[in-house]
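*Asks:* Each chain is listed here by its residues.
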Amino acid sequence: MSDEFDLSKLDTPELIGQMQDDLYDGLADEIVAGVNELLHRDMTPYDVLTQALVAGMDIVGADFRDGILFVPEVLMAAKAMKAGMQILRPLLAETGAPQIGTVVIGTVKGDIHDIGKNLVAMMLEGAGFKVVNLGINNDADKFLAAVREHKPIIVGMSALLTTTMPYMGVVIKALKEAGMRQDVIVLVGGAPLNAAFAEEIEADAYCRDAAVAVQTAKSLVAIKRGAAEAG
Amino acid sequence: MTMDPLQTLLSRSGVIMADGAMGTMLMDLGLEHGASPELWNVDQPDRIRSVHRGYLEAGAQLILSNTFGGNRFRLGLHNLQDRAAELNRVGVELARQAVDEAGGGALVAGDIGPSGELLEPFGNLTFAEAVAGFAEQAQALIRGGADVIWIETISALDELRAAIEGVKGISPQIPVIATMTFDTHGRTMMGVAPEEAIKALEDLDVAAAGGNCGNGPDEILSVIAKMHSVAPDRVLVAKSNAGIPKWMNGKTTYDAGPDQMARYAVQAAEAGARIIGACCGSTPAHLNRMSAALGDRMARSK
Numbered sequence: 000m001s002d003e004f005d006l007s008k009l010d011t012p013e014l015i016g017q018m019q020d021d022l023y024d025g026l027a028d029e030i031v032a033g034v035n036e037l038l039h040r041d042m043t044p045y046d047v048l049t050q051a052l053v054a055g056m057d058i059v060g061a062d063f064r065d066g067i068l069f070v071p072e073v074l075m076a077a078k079a080m081k082a083g084m085q086i087l088r089p090l091l092a093e094t095g096a097p098q099i100g101t102v103v104i105g106t107v108k109g110d111i112h113d114i115g116k117n118l119v120a121m122m123l124e125g126a127g128f129k130v131v132n133l134g135i136n137n138d139a140d141k142f143l144a145a146v147r148e149h150k151p152i153i154v155g156m157s158a159l160l161t162t163t164m165p166y167m168g169v170v171i172k173a174l175k176e177a178g179m180r181q182d183v184i185v186l187v188g189g190a191p192l193n194a195a196f197a198e199e200i201e202a203d204a205y206c207r208d209a210a211v212a213v214q215t216a217k218s219l220v221a222i223k224r225g226a227a228e229a230g
Numbered sequence: 002m003t004m005d006p007l008q009t010l011l012s013r014s015g016v017i018m019a020d021g022a023m024g025t026m027l028m029d030l031g032l033e034h035g036a037s038p039e040l041w042n043v044d045q046p047d048r049i050r051s052v053h054r055g056y057l058e059a060g061a062q063l064i065l066s067n068t069f070g071g072n073r074f075r076l077g078l079h080n081l082q083d084r085a086a087e088l089n090r091v092g093v094e095l096a097r098q099a100v101d102e103a104g105g106g107a108l109v110a111g112d113i114g115p116s117g118e119l120l121e122p123f124g125n126l127t128f129a130e131a132v133a134g135f136a137e138q139a140q141a142l143i144r145g146g147a148d149v150i151w152i153e154t155i156s157a158l159d160e161l162r163a164a165i166e167g168v169k170g171i172s173p174q175i176p177v178i179a180t181m182t183f184d185t186h187g188r189t190m191m192g193v194a195p196e197e198a199i200k201a202l203e204d205l206d207v208a209a210a211g212g213n214c215g216n217g218p219d220e221i222l223s224v225i226a227k228m229h230s231v232a233p234d235r236v237l238v239a240k241s242n243a244g245i246p247k248w249m250n251g252k253t254t255y256d257a258g259p260d261q262m263a264r265y266a267v268q269a270a271e272a273g274a275r276i277i278g279a280c281c282g283s284t285p286a287h288l289n290r291m292s293a294a295l296g297d298r299m300a301r302s303k
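Order-wise, the sequence lines are chains A and B.
For the first sequence, counting from 1, position 9 maps to 8 in the numbering used here; every step adds exactly one.
To convert, count from 1 in the second sequence and add 1; that's the numbering used here.
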């Protein structure tokens with residue numbers, strides 16, 4: 000087609016900029032083509048991930064936080080990101096690239112609302128995290144089993160209802176009793192929550208929306224890793 | 002042409018007082034974490050009627066059946082999807098009984114809430130599946146005797162279209178009230194602005210439209226003002242939460258009290274709303290002050 004972009008004509012910084020635009024516009028096919036082109040130019044899978052995809056999703060996240068983009072655009076961007084990740088994931092594993100970290104995320108017991116939680120999961124994937132999505136209505140045992148199995152750095156819990164949010168405290172207590180609380184960062188979110196509630200149940204942070212969740216996840220992981228190295 | 006009951010009430014001029022919250026009231030009455038409120042239509046009918054009674058005594062002229070989560074998508078999360086017909090029909094019947102016990106006059110709206118899913122291409126639900134699910138619920142609500150269908154807390158225009166199509170496919174005559182939730186930077190979660198919503202509804206057969214739920218009175222008042230500026234002849238609807246939920250001393254409370262909600266009711270009327278009620282966190286005490294504050298602005302029921 001005459002209007003088709005010839006990616007090979009762009010230099011690498013231009014191509015990366017183009018891919019960030021394509022991600023913003025939710026264009027999965029273009030992202031796949033861009034990822035392949037960068038790999039063809041011998042960029043490492045890790046650099047493709049961080050410089051093109053994660054950096055692009057950062058822009059999407061910031062505009063979502065600021066009310067410029069809304070859920071539909073973010074979902075389409077996340078889908079485009081996912082298409083790129085399908086190429087990169089096996090290569091990242093092969094090359095032993097640094098892991099950004101694993102997140103176990105779920106809606107707590109009694110709560111069946113998962114649109115917000117799924118959005119957070121997608122945005123965290125967009126930031127390069129490996130996300131284990133437990134779905135809805137998870138009791139403490141399910142969270143504990145997932146922490147044992149996947150060894151996440153973050154546990155994310157979501158509740159839409161004022162009646163189900165206290166259960167987050169039950170999960171945190173169970174993590175403590177199992178001796179696993181210090182291994183993970185606990186992030187909580189959902190419409191009726193606030194920072195005071197997060198503090199009361201001894202979560203590490205309350206995240207107001209999906210963009211804040213990603214920012215908080217990144218900064219707390221950096222702090223935790225820094226502390227581990229220093230310690 | 003004969004007027005439907007909603008038109009008749011609207012034709013008496015003034016504001017129609019709708020009711021307040023159902024869900025948060027049922028939680029105060031002991032509804033368990035995550036249980037289906039609709040199941041109480043058959044398991045605890047007295048409690049459902051008591052909530053309706055409280056709002057009717059507080060002056061509500063239009064009450065919503067306890068069927069918000071009564072579509073098969075939501076009921077399916079409780080494995081109750083096969084009881085959709087029963088739970089919706091009984092929900093309307095309970096509201097009707099409460100109205101009759103209170104001496105009649107108030108309208109019963111069959112309440113339809115969102116599917117809880119995203120339609121294609123963002124989610125997995127197809128438009129046709131959504132229409133069929135909402136039609137099934139509407140049929141039961143109408144069979145139960147609803148005067149009006151109220152579709153509420155919707156965030157996507159395609160889902161709203163599917164719901165209206167579902168209802169109108171069952172009954173082209175029944176009046177439909179449609180409200181969306183504008184809780185994200187002044188738009189719905191899916192990015193729909195109030196002006197855009199009211200414009201989209203122009204082509205759809207709805208009797209009244211507006212906003213419900215969300216982050217309290219100020220947000221809804223701005224929604225009404227925006228809708229009124231682009232559609233001054235529309236019958237507009239405001240059904241605000243009683244403020245924002247706050248976690249205090251181990252329980253959740255909503256931060257707008259009866260006095261603040263009374264001020265909101267008057268402001269909503271001044272901004273152009275003709276159907277005014279309250280949503281999450283409100284109680285008959287809030288509604289009492291709201292109807293008192295509206296006073297002569299309210300349409301006479303008889």
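Because the hints were derived from the structure by calculation, they are not lab data.
Every residue gets a Cβ at the ideal spot worked out from N, C-alpha and C, and that includes glycine.
Among the hints, erroneous ones may be present.
Said to hold, decoys possible - Pairs of lysine to aspartate or glutamate, EDC-like flavour, derived with a Cα cap of 20 angstroms:
no., chain 1, residue 1, chain 2, residue 2
1, B, LYS252, A, GLU199
2, B, LYS169, B, ASP204
3, A, LYS175, A, ASP140
4, A, LYS78, B, GLU118
5, B, LYS247, A, ASP28
6, A, LYS78, B, GLU121
7, B, LYS252, A, ASP182
8, A, LYS217, A, GLU36
9, B, LYS247, A, GLU201
10, A, LYS8, A, ASP28
11, A, LYS129, A, GLU93
12, A, LYS81, B, GLU121
13, A, LYS81, A, ASP140
14, B, LYS200, B, GLU166
15, B, LYS227, B, GLU271
16, A, LYS81, A, GLU36
17, B, LYS227, B, ASP260
18, A, LYS141, A, ASP182
19, A, LYS217, A, GLU228
20, B, LYS247, A, GLU228
21, B, LYS247, A, ASP62
22, B, LYS252, A, GLU201
23, B, LYS247, A, ASP182
Claimed, not checked - One-sided and incomplete, this derived list gives chain B residues near chain A with beta-carbon spacing under 8 angstroms:
no., residue
24, GLN140
25, ILE143
26, THR185
27, ARG188
*Asks:* Return the numbers of the hints above that this structure violates; sort them in rising order.
*Replies:* 5, 7, 8, 13, 17, 20, 21, 23, 24 and 25
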